[in-house]
Amino acid sequence: MGRADERRARQRGTRRAPKPRKSGIRRLFTWKKMLGTFFGLCLLAMGAFVVLYLTVSVPDANAQAQMQSNVYKYSDGTVLARTGEVNREIVGLEEIPQPVQRTFVAAENKSFYQDAGVDFKGTARGLINTLSGKGKQGGSTITQQYVKNYYLTQDQTVSRKLKELVISLKVDRKLSKNDILAGYINTSYYGRTAYGIQAAAQAYYGIDAAKLNVAQGAYLAALLQAPSQYDWAEATPLGKKLVTARWNYVLDNMVGQHWLDPSVRAGLTFPVPHEPKAAPGMEGQTGYLVQAANDELVRQGVDKERIDAGGWTITLNIDRKKQRELVKSVDEQLEAKIDRKKNKTDATVQAGATSVDPKTGKVLALYGGVGATEHWISNATRQDYQPASTFKPVVLASALENGAKTQDGKTIDTGTIYDGTSKRPVKGSDTPFAPENEDNHSYGPVDVQKAMSDSINSVFAQMVVDVGPGKVKQTALDLGMTDVANSFPERPAISLGTMDASTWDMAGVYATLDNHGRKVTPAILKSAEHKNNLVKLPDPIGKQVLSRQTADTVTHVLQGVVANGSGSAARTDAYQAAGKTGTSENNKSAWFVAYTPQLTTAVALFGESPKGGTQVTLTGTANSGRANGGGFPARIWADYTLAALNGGSDAAFDLDFKKPVREKPTPTPTPTLSTPTPTVTTPTPTHSTKPPEPPTQTPTTPPPPPTESPSETPTQSPPVTTPITPPDESFDPFGPPDAPRG
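Each residue of the sequence shown is one higher than the one before, counting from 6 in the working numbering.
It is worth saying that the hints were derived from the structure and are not from the lab. Be a bit skeptical, because a hint or two may be false.
Straight line, CA to CA, 20 Å or less: simulated SDA-like cross-link-like pairs of lysine to any residue [as the list claims (entries may be wrong)]:
(1) Lys78 x Pro615
(2) Lys282 x Gly376
(3) Lys349 x Asn628
(4) Lys309 x Thr619
(5) Lys326 x Ala86
(6) Lys346 x Pro615
(7) Lys282 x Thr619
Build the full structure now, drawing on both the sequences and the hints.
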């Protein structure tokens, strides 16, 4: 074979095989076909948008301009209040200082003066979020937000967003930028039922919009992102942090747009707004009840703006009779005994109370203060004061629930002996702590029952260490307390109730104890209906957060506090009761939280300066000394409870309590008598399954309250009888009875 033949043979051998034929899927999705499909869809979308643009016209103003009232009712259907009148006053843009106008542009839409009224990218993002169920998202221009406020609704639907896009394009061509900005500023919702900048300026700063400065304008502009969350008077620490950051963002954008001189910007400070005031018709307790109902509706996921827009029928769990009795008790047991005009201390006293049905969680009565128009902050729900010694039952509950042991390895129960010496340093903690008992009184060895009855600080400080502060805190959270503003550190000092809480919170905690350890979350809403749509409300009764035995044992101990301890002002034979007093550091708050088998109520006094709202001492209230929880709060509680129970109740606590292991006391030598023991003429008492019958007492005029820790060591005397029958004759929950204290 010649060379030419060999070369031809190699070429034939190396000739490539034919290309494999494409599969059906690959033939279908070629790049040419995909590109053609994309362009086809774009043309289709453009055609659809043109049709939409031609068919959608600019409508008249929406129904928000004819806002409806909200109707609030008592549990029996009686009307409590009607609200919802629009708080809006339209002002021309020329009446608003130009720097204030620009704060809104800097906050929401820096390109406002140059854009065509829409943000296609932001609208597309909003549509995707709506379709995926993510709810409200930003991205709209000022024009789009104005269109939504004035022409459309707040509904988060695809059709509404598409209409918003089309109408915004038309409005931007029809109106000037100044007209659009004026409409936006005048229709936006700022919180505090204020629609428009004029109402907002009055609600937050008590001035007309014409007098706003740039710092105040920046705050109002920042509010629009989250009116409820950013209202300084009601904001959480996180909310305050966020709105401050938003305020700075607005001003920095103004500098970036050359609308604000950097030197002026550097000198601006955050303009803290005024406290809110109740609207007309919200006088007395009405405003507090309406606010509590609205707050609970917000907690269930309803936007505050939707509530304020009106059209709601809201029925509360409030019992009209019990509400009236609670107000009457505060008036008679506190207000009638203080002089707010002549006594500077009396002028600082604020009272709050929450009353709950422990079996249902319903809030039956609430006292928010002297009146919502005089003092807007509700003393029933405010969370800025310490609950003090009313926290000690939580410490005991945690010890029992966790099977905690003392430093020498003994399991803690109600009979455990602790050292009640004042200023005794706790053992077993890395954090030094040596709390002083009230009046610096030392008790020596005492059992847990005695320590609770006399509220001995040194005992419960050691118990927190024995249990573990972290475990105690977890028990508190399980019972319904919250870590308000990080005020709940895991340290021995929490034994004194140094965290923040409200009467609402503590009523829930004690109602859970009353309900044998099953979680009770106070609920003021019975129903909420809007245009025939009912809001689904959760069951206030939750899961078992404490064992029944733990809860019932704590109740058993708290019966002793009322019978022979610091809560004796509430002692009566008209009903069975268990509770605890509390007096915070420097006497800034005084509490009594207690319950019967049918009713749980938390009552508290707070010392608040009329100027600035700072916390001050209650000492000197009604020209007396220290204002203890066993004083005014216990008297209010007793008077209200008697009336709420229609003069009393035969209901008894059904308790499955843990019997204590009694520690044997150190034997004391008994002298030997050389003469026969004389015959005693009085009969020898015999053991009985029931204690002696108590003397008749008038609950509305209880004995003067003792201090939480008496200044003198009690001496033994004939037993103080009590109407509470121990569930088991082998266990006396009250220990050796104390001498009567005056």
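Q) Which numbered hints are broken by the structure, listed smallest first? A) 1 and 4
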